[in-house]
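Peer 1: Chain residues, written in single-letter form:
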Amino acid sequence: EDQVTQSPEALRLQEGESSSLNCSYTVSGLRGLFWYRQDPGKGPEFLFTLYSAGEEKEKERLKATLTKKESFLHITAPKPEDSATYLCAVQVWASGSRLTFGEGTQLTVNP
Amino acid sequence: DGGITQSPKYLFRKEGQNVTLSCEQNLNHDAMYWYRQDPGQGLRLIYYSQIVNDFQKGDIAEGYSVSREKKESFPLTVTSAQKNPTAFYLCASSIFGGDIDEQFFGPGTRLTVL
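Top to bottom, those sequences are chains A and B.
Residue 31 in our numbering sits at position 31 of the first sequence, with consecutive numbering throughout.
Residue 24 in our numbering sits at position 24 of the second sequence, with consecutive numbering throughout.
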């Protein structure tokens, strides 16, 4: 059974205080790993897809990295508007297009 | 603008009633999905469809039903057999079989059982 675990469950940062969110996975045949941002009461917004170990992608203050066992979402000098829940999901070759999600990390950035 | 629409935004149901949640997309995507999200939790897959007139059960299909008669539409019915239906329901769509795998989400429907 595919498993995705995100840590920490919640993270509180001061504005400008960089940190990382972790997504560890146990799957058979990873096809892709996805990061989403979700604001309260809204649908998730796509951020990144990573396909192979060593791959990195960046967008503004966010950088996602991937190893064979986990992915990190690095947040550099966060701002209050970065406050949201960050979701990680995996897609495996045997399951077609379906995704398996972790439970998310709720990030709060204080001014 | 291309996107995914879900209606209604809020839905209230009495116990014993069936209700249908609407999901429409104009992205020309082949695949569509329904997820359920409970407070403080991630998304769990209810049903998905990769082509018209075909769909598969996800991890928590019991008490739900779907249809896929048109490429653009994938309605979800929450039946009276679903014991705890109060949740936030999200619809998503994606290209199927191409190089782009990411799913794009609608704004969600919050269902409350009275």
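Check before you lean on any hint, since a few could be wrong.
The list that follows gives simulated cross-link-like pairs (lysine-lysine, DSS-like), each with its CA atoms no further than 27 Å apart [as the list claims (entries may be wrong)]:
no.: 1; chain 1: A; residue 1: K42; chain 2: B; residue 2: K83
no.: 2; chain 1: B; residue 1: K70; chain 2: B; residue 2: K57
no.: 3; chain 1: B; residue 1: K57; chain 2: A; residue 2: K63
no.: 4; chain 1: B; residue 1: K83; chain 2: A; residue 2: K68
no.: 5; chain 1: B; residue 1: K14; chain 2: A; residue 2: K69
no.: 6; chain 1: B; residue 1: K83; chain 2: B; residue 2: K9
no.: 7; chain 1: A; residue 1: K42; chain 2: A; residue 2: K68
no.: 8; chain 1: A; residue 1: K69; chain 2: A; residue 2: K59
no.: 9; chain 1: B; residue 1: K9; chain 2: A; residue 2: K68
no.: 10; chain 1: B; residue 1: K14; chain 2: B; residue 2: K71
no.: 11; chain 1: B; residue 1: K57; chain 2: B; residue 2: K14
no.: 12; chain 1: A; residue 1: K42; chain 2: B; residue 2: K14
These stretches of chain A come out as covered by chain B in the derived footprint (C-beta under 8 Å, 3 or more residues) [what the hints assert, rightly or not]:
no.: 13; region: 16-30
no.: 14; region: 62-73
Just so you know, the hints here were simulated from the structure itself, not pulled from any lab data.
Backbone N, C-alpha and C define an ideal beta-carbon position, used for all residues, glycine too.
Peer 1: Which of the listed hints are broken here?
Peer 2: 3, 4, 5, 7, 9, 10, 13, 14
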